[in-house]
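Take these sequences, add in the hints, and give me the full structure.
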Amino acid sequence: METTSPIERLLRAVALTLVVVFFMFPIFWIFLMSFQTNETILTIPPSIVFSPTLSNYAALITGKLQTAAGTLDIAFMRNLGNSIFLSVASVAVALVLGVPAAYAFARHKFKGSEDIAFTLLSFRFAPPLLVLLPLTQYFQWLGLSNTYFGLIWVYQLICLPLILWIVRGYFEDISADVEYAYRIAGHSWFATFRKIALPLAGPGIAAAGLLAFIFAWNNFVFALVLASADKQPVTVGALAFVTSSGIQYGQIASAIVLSVTPTLALALYAQRYLVEGLSLGAVKG
Amino acid sequence: MNDTALLIKDVDKFYGPIDYGVHAVKKLNMDVRKGEIIALLGSSGCGKTSTLRMVAGFEAVSRGTISLSGREVQTFAPVRRNVAMAFEGYSLYPPLTVRENIAFALKASKLSQSVVDEKVASIAKLLEIEDILGRYPSSISGGQQQRASLGRALIRDANLHLLDEPMGQLEPQLRAVLRGRIKHYIKERGLTAILVTHDQTEANALADRIAVMEGGVLQQFDTPQKIKERPANLFTGTFVGEPPMNVFEASVTGSEAKVAFGLKDGVRLEYPASDFSHAVRDALMKRQKVVLGIRPYSVRRSADGVAGRVAVNQWLGDQTHIAADFAGGTMVLVEHDRTELAVGQPIGIHLDPSSLHVFDGYSGKAISHGEELA
Ligand SMILES: Nc1ncnc2c1ncn2[C@@H]1O[C@H](COP(=O)(O)OP(=O)(O)OP(=O)(O)O)[C@@H](O)[C@H]1O
Ligand SMILES: [Mg+2]
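For the record, the sequence lines run as chains A and B.
Heads up: the first sequence is residues 210 to 494, going by this note's numbering.
Heads up: the second sequence is residues 1146 to 1519, going by this note's numbering.
Residues from chain A that face chain B, not an exhaustive set, calculated with beta carbons under 7 Å:
| hint | residue |
| --- | --- |
| 1 | Arg392 |
| 2 | Ile393 |
| 3 | Gly395 |
Quick list of the computed label-pair ranges, beta carbon to beta carbon:
| hint | chain 1 | residue 1 | chain 2 | residue 2 | range |
| --- | --- | --- | --- | --- | --- |
| 4 | A | Leu351 | B | Ile1163 | 44 to 52 Å |
| 5 | B | Ile1163 | A | Tyr357 | 46 to 54 Å |
| 6 | A | Ala400 | B | Ala1266 | 21 to 29 Å |
| 7 | B | Glu1333 | A | Arg403 | 34 to 42 Å |
Computed footprint of chain A on chain B; a stretch qualifies when at least three of its residues, placed anywhere within it, have a C-beta under 8 Å from a C-beta of chain A:
| hint | segment |
| --- | --- |
| 8 | 1218–1225 |
| 9 | 1236–1250 |
Since the hints were made in silico from the structure, they are not lab data.
Every residue gets a Cβ at the ideal spot worked out from N, C-alpha and C, and that includes glycine.
What follows is the structure, encoded as structure tokens:
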């Protein structure tokens, strides 16, 4: 790195800037749109000079959407609440189930353990729709469709494999002898798990949890099919902005801003863990 | 039974499926009495760590039984065995300081804080790590980590202490000092210990008995003196002892009056039959092929000896090592004085029959040591 020539450094900076602009521009544009009315958004050519308005945010928060055809009720705040509840609860359940399982897979190799772990991971490869069709049937029989319980259950398809595989990598990284040293001093298996393995794998567990949270938050299709309006998260709720009198770009933009903010904040806060956790999971997986 | 601390009976260890996996320990039998210090000596990969881990309960025993104080424990969890262990890789707990690492070994014993502090302080003094008690494992040297890990094992009041290469990382001077202190510490408290080491001096200095292992097989289990004077086979003979025992393949011929060994290059060693007991002579005559062994300290120079030629002459500050071309191989001699011998100079080599070890040429089993049958 130290030996790069000025030209090389310049080129690198240009390339980086291009990449950043490419990825950040849509977000930046949406941020601007969220402060504009539909009319200014649709003017041609678009302009970044406009008089900002908070009406979009006001509409979302009050739940009253003004359209050409009259006032519409939208449940955005409720969707947001659903998103938070569903994601947090799913990740919590996945952590409770996945972390001990990851530990077991990391520490106890038994016949077929690798196959079981891989099967669990393969849930991530299957197209969700494939699972969904039969699932809708079963859920109806079981009375689970349109319940938070049912949704959280299905969300485990997203969260559990992720947590299992990333956390397993972390546990495998901890020298088993450190645990043995603790166990031989007269501590039980469970005490060792709690006092040694868990704290040492802490960053990995945090990263996996965060990642699972983001995946759960961004999920669309499970909630679309399995839940009705009052249980739907923002990803599905945003569909309400496609109204009979046109698409409400301003409100969609502000809804996106609001719904991206929590995950973005979380991700920025734990960026370091996230990168560590991800690369470790990738190497180990 | 009562004074047996550890009894290992017909123990096999396979990594992987039994009979098909890596056969790390083969039909091991060993008994350790209370208060004994045992050194486990053997080359890398011979199964020393595997043995300790089975005793501690970290590895399952594939076959056989392990008893601690008369109780079969091979199915017990480590917690229930009351053994302490210092790990080959130290295995200190990273988020804790050295002091806490050592102290947590005592947590389960429910001692008062002041007693724990006192014990930690005294063990730290013994191991010369007082100045790093407040540091974290990641910020201390390998040798310091090793001593911390050793302290964590020694501080416990366990029935058996398993020390896996506890001083491998230390410089010779410190090792020599600690050796004495640790022995005193163990003996004073009547502890029982098995220590794995690559250092023969350490094994000789510390151990009441030495177990020599090779290829997963226990070769010999005896006092340091016996191991040295009466090696059970060629492996033990050449493995233990510094510099290693000189060995030469030979054929045996003999008559009523003489025993003669035919070495390579037409070298013949002849001894009067009376130098060996009857039994030894009988045993030797039955063999076509034997291996002669003699320790470098026991080789003498004498004008009427067998001819050799000096290849190396090294003064090591306290002794001379001479390597001579002899019977198609190399004979190493150790002498206490400085000798003026030029490379290439012919010398006469005398092998005293009382210091000859004879091993079977095929099995490597010892046949005789000096005039006595093995
Ligand atoms: N977990 C394992 N899985 C498979 N084989 C193993 C395992 N642990 C050890 N072995 C094998 O078992 C044999 C004995 O290993 P062990 O660790 O007991 O040797 P050691 O005598 O302690 O060696 P060193 O002096 O190098 O520490 C070696 O061949 C090793 O490769
Ligand atoms: Mg070892």
